[in-house]
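J.: Chain by chain, the residues:
2 protein chains.
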Amino acid sequence: MKGIWLENQQLQFRPNLPEPEPAPGEALIKVIRAGICNTDLELLRGYYPYRGVLGHEFVGIVEKGPNELLGKRVVGEINVACGDCHFCRTDQPTHCENRTVLGIVNHNGVFADYIALPIANLHPVPEALPTDTAVFTEPVAAALEIQQQVHITPNDHVLVVGDGKLGLLIAQTLALTGCELLVAGRHPEKLAILKHQGITTTLADTVTARSFDLAVECTGNPAGFELARQALRARGTLVLKSTYADNLNINASALVVDEITVIGSRCGPFDKALTVLATGQIEVEPLIQGRYRLEQGIEAFDHAQKRGTLKILFEN
Amino acid sequence: MKGIWLENQQLQFRPNLPEPEPAPGEALIKVIRAGICNTDLELLRGYYPYRGVLGHEFVGIVEKGPNELLGKRVVGEINVACGDCHFCRTDQPTHCENRTVLGIVNHNGVFADYIALPIANLHPVPEALPTDTAVFTEPVAAALEIQQQVHITPNDHVLVVGDGKLGLLIAQTLALTGCELLVAGRHPEKLAILKHQGITTTLADTVTARSFDLAVECTGNPAGFELARQALRARGTLVLKSTYADNLNINASALVVDEITVIGSRCGPFDKALTVLATGQIEVEPLIQGRYRLEQGIEAFDHAQKRGTLKILFEN
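Keeping their order, the protein sequence lines are chains B and L. If you're matching positions, the first sequence starts at 1 in this note's numbering and goes up one per residue. If you're matching positions, the second sequence starts at 1 in this note's numbering and goes up one per residue.
The hints are simulated quantities; they were obtained by calculation from the structure and are not laboratory data. Even for Gly, the Cβ is constructed at its ideal location relative to N, Cα and C. Keep in mind that a hint or two might mislead.
Said to hold, decoys possible - Here are some chain B residues pointing at chain L (derived, C-beta under 8 Å):
{"hint": "1", "residue": "His-196"}
{"hint": "2", "residue": "Ile-199"}
{"hint": "3", "residue": "Thr-201"}
{"hint": "4", "residue": "Tyr-244"}
{"hint": "5", "residue": "Leu-255"}
{"hint": "6", "residue": "Val-257"}
Stated by the list, open to error - Taking lysine to any residue pairs in the SDA-like style, the calculated list, with each CA pair at most 25 Å apart, reads:
{"hint": "7", "chain 1": "L", "residue 1": "Lys-30", "chain 2": "L", "residue 2": "Glu-19"}
{"hint": "8", "chain 1": "B", "residue 1": "Lys-272", "chain 2": "L", "residue 2": "Ala-234"}
{"hint": "9", "chain 1": "L", "residue 1": "Lys-272", "chain 2": "B", "residue 2": "Val-257"}
{"hint": "10", "chain 1": "B", "residue 1": "Lys-272", "chain 2": "L", "residue 2": "Lys-64"}
{"hint": "11", "chain 1": "B", "residue 1": "Lys-72", "chain 2": "B", "residue 2": "Thr-279"}
{"hint": "12", "chain 1": "L", "residue 1": "Lys-64", "chain 2": "L", "residue 2": "Thr-90"}
{"hint": "13", "chain 1": "L", "residue 1": "Lys-306", "chain 2": "L", "residue 2": "Thr-202"}
{"hint": "14", "chain 1": "B", "residue 1": "Lys-195", "chain 2": "B", "residue 2": "Thr-279"}
{"hint": "15", "chain 1": "L", "residue 1": "Lys-272", "chain 2": "B", "residue 2": "Asp-258"}
{"hint": "16", "chain 1": "B", "residue 1": "Lys-272", "chain 2": "L", "residue 2": "Asp-258"}
{"hint": "17", "chain 1": "L", "residue 1": "Lys-272", "chain 2": "B", "residue 2": "Arg-235"}
{"hint": "18", "chain 1": "B", "residue 1": "Lys-272", "chain 2": "L", "residue 2": "Arg-235"}
Please construct the entire structure, taking both the sequences and the accompanying hints into account.
T.: Now the structure itself:
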């Protein structure tokens, strides 16, 4: 099969990869749509020494698996859990101590013709939900993880820092809480996508210091972290939603003096993400800025890496 | 009056400082005992550009003030709040936006013969409580702030990193929760103080990674932070209890992947601290390692700055 292979921070299109063999309890899935995520770009920059097929955001069709899923479109949770460790036994499989992670840790990813995934990881895509929308399930689930971790009320003043693809999704999922929301970015054309939905936006250098209860850092760079921290009032909460290729240099004393809470936030609930997408509560298709075939993998990544690019998809 | 003055990161003993004039609502207090805190040492190193009399941990006797306090021993909360801002109105005066802070921010401190403080900041010292014990009220209150912020259960595996004066107090207040507690330090002779009280201790390089639910960083140095972070399992909580003279360089991606919560923690409840001290639930006098008069201020600070020194007191 075809696939996009990462090794030593080098990407290759490979035309003759072996097709995965589903283990017992797994399904074989033909990938029909996949999205490039910022984590893919970070892996390319060496954030984690991964070797294998890249990619973890996808919609596919089950070709081998249980009868009720055969021929159906599915999305899939990316953490493949052992079922046995403390975190699996306490219903926190995304933190399984022995996990592999689709396209990230020891598990071939979705920029390929086929993947194998445990049946337990799969969620059928509602019939009315377009494939182009469903391919956003994984990042929307990650966005919703914030509400799983922090109780957000309509009284809360909330700042999203960053107008990249994750920032635009997070802004929309946070808007569902009814909070007082402001999104700070550097790209008027991207902020316009949110404005169109009635979300208040501003340029990053106009944010008022010490005035937010919650700030969500979606830029993955130190300036974004610093903006988020300074925007918080005392006892505020700073959610970290991005991985960082390098260490972050922070003013830890300010966190102590202001009793700030910093919360790392990763994978979230797929079922809720599918509901939010299926009911049209958020709008993801304006984020799509390019479509490529696997053979054009290098070109697709060049596009995705251009400053300011939103979502790039692979179609199969 | 006599006092120890900080200016441009230089300490001076000054024999002729003006006595403070209590404003309406304030009391005049003769300081009889005061303790050197790590924050005093950080101020000396330039953590914050403070100019004035240093010191914030004290026991004093009220010389001017309301009848019911006259001649009584008191301790005092260090944040002098405006009573008017969002934080004052929501019963969070330690975060008052217009506060001064005794010996730290725009308010002369306690390494002097006299201080003036709002009557609202004062707590009478129970008669049976020795002055040498009561002088620990402020740091014990700061230690108890952790339990105000984090719900700690007897099932939680808790690590205290650091066997300095704050670490030894925090270890004892955390032990009151009944949690599974381990204290990691570098000084067997200090850890012995805790062992004597039945608290389990270990040398810092023997801590098992990824095995604690809560880690409290009390060293104020980057190695302590890293030890605390690595000791946590996924979804664990890292409490920052120390101020840092420099920025801290952290692996932010690890916080995201493991969904770690980092909580800055500062001042705590004086009333609870007095109760804990008065009932003998924790033992503070073994931490006292030196007693000086104000005239010996420079010598006292030299002693306090020696690696491994615990509590140094001023007596008046």
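J.: Check whether the Cα positions of B/Lys-272 and L/Asp-258 lie no farther apart than 25 Å.
T.: Holds: B/Lys-272 and L/Asp-258 sit about 21 Å apart, inside 25 Å.
J.: Does B/Arg-235 lie within 25 Å of L/Lys-272 when you go C-alpha to C-alpha?
T.: 21 Å, holds
J.: For the pair we were handed, L/Lys-272 and B/Val-257, check the Cα-Cα distance against 25 Å.
T.: Roughly 21 Å separates the two Cα atoms, so the pair holds.
J.: Regarding the hint that B/His-196 lies at the interface with chain L, is the smallest CB-CB distance below 8 Å?
T.: 30 Å, violated
J.: With the threshold set at 25 Å, check whether the alpha-carbon distance from B/Lys-72 to B/Thr-279 stays at or below it.
T.: 20 Å, holds
J.: Does B/Asp-258 sit within 25 Å of L/Lys-272, going by the straight-line distance between their CA atoms?
T.: 21 Å, holds
J.: For the pair supplied as a hint, L/Lys-30 and L/Glu-19, is the alpha-carbon distance within the 25 Å limit?
T.: Holds, because 10 Å separates the two Cα atoms, which is no more than 25 Å.
J.: Would the hint linking B/Lys-195 and B/Thr-279 be met if the CA-CA limit is 25 Å?
T.: 20 Å, holds
J.: Is the hinted pair L/Lys-306 and L/Thr-202 satisfied, with a Cα-Cα distance of at most 25 Å?
T.: Holds, at roughly 23 Å.
J.: Using the nearest Cβ pair, does B/Leu-255 come within less than 8 Å of chain L?
T.: Check passed: Cβ of B/Leu-255 comes within 4 Å of chain L, closer than 8 Å.
J.: Does L/Ala-234 lie within 25 Å of B/Lys-272 when you go C-alpha to C-alpha?
T.: 23 Å, holds
J.: Under 8 Å is the threshold here; is the Cβ of B/Val-257 close enough to any Cβ of chain L for the hint to stand?
T.: 6 Å, holds
In this structure, the earlier hints numbered 1, 2, 3, 10, 12 are contradicted, and the remaining ones agree with it.
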